[in-house]
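K.L.:
Sequence:
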Amino acid sequence: MADLTTTRLYEVMIVLYAISLVFYFTDYFYKQVRARRIAFWLVSFVWVIQSTIILLTIIELKRFPILSLYEGILFYSWLLVTLSIILHCIARVDLPVFIINILGFVFASIFTFMPKRPTGAVGETLISEMLFIHISFAILSYAAFTLAFVFSTLYLVLYRLLKKKKLTHLWSRLPSLQQTSNWINVSFFVGIPLLFVSLILGFEWALLSLDSLFIFDAKIIGSLILLVLYCSILYVNRKGKLIGTNFAWLQIYAYLLVVANFFLGSSLSRFHLWY
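First residue of the sequence shown: 1444, per this note's numbering; consecutive thereafter.
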């Protein structure tokens, strides 16, 4: 991919994404239906641009671009944009879409402005379908946990407003507590199996492809802690001992660990080849 073409695509993507957030902001606070439509179409163009970047990278590298931290951030941002479009079309929830797009813009900006590094970090002999599936499932689980984080935050906001009877016109477009809780559960239950399968495939790939396996590697320990934490939350929740705001707060704290593992775990890892 030509550097000039790539740079222009990045610039257009960030500009369109930023403008879309302005329109989403205008729609939410001033109920401008036209602004929401413009924002949606701008985000759709961002999705097309990101898909184009991914496609051009596939053509250049002859593989799906998820084998480095740089490529992983692009894929994660693309997933967030996709989720926001799906929620806009199916769930018809305004504030969750706005928040997800803010997160998507943050990661798209990181992808655009972080130092560009060569994409040959993983040797050809180590590339396999199992590795691609392992990384893909890991990032998909992160996207699911992001959705749980967004709706957990909204749950806490809505609960506080209802408790203090301050549900003004500004917050009238929030989903109900039941809808918010349902989305938390769906995202949560989807994310755990994806993370579990990702870890199994990662261990299998490492055992088959590498000469030695560093069990105490930062990325491995971080991922195992995440899995144990989310499984523990699931177990206590199913027992009925963790519901409502406590459940939502734990989802938020757990997501902060997801972000830390995504960046710091990859940076400190000796075993993982992301950089």
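Careful: at least some of the hints might be erroneous.
Said to hold, decoys possible - DSS-like, lysine-lysine: derived pairs with alpha carbons at most 30 Å apart:
{"hint": "1", "residue 1": "Lys1505", "residue 2": "Lys1607"}
{"hint": "2", "residue 1": "Lys1607", "residue 2": "Lys1474"}
{"hint": "3", "residue 1": "Lys1608", "residue 2": "Lys1474"}
The hints are simulated quantities; they were obtained by calculation from the structure and are not laboratory data. Since this is a predicted model, take the numbers as computed values, not measurements.
K.L.:
Each hint: holds or not?
P.N.:
Outcome of the hint check:
| no. | hint | result |
| --- | --- | --- |
| 1 | Lys1505 with Lys1607 | violated, 56 Å |
| 2 | Lys1607 with Lys1474 | holds, 24 Å |
| 3 | Lys1608 with Lys1474 | holds, 22 Å |
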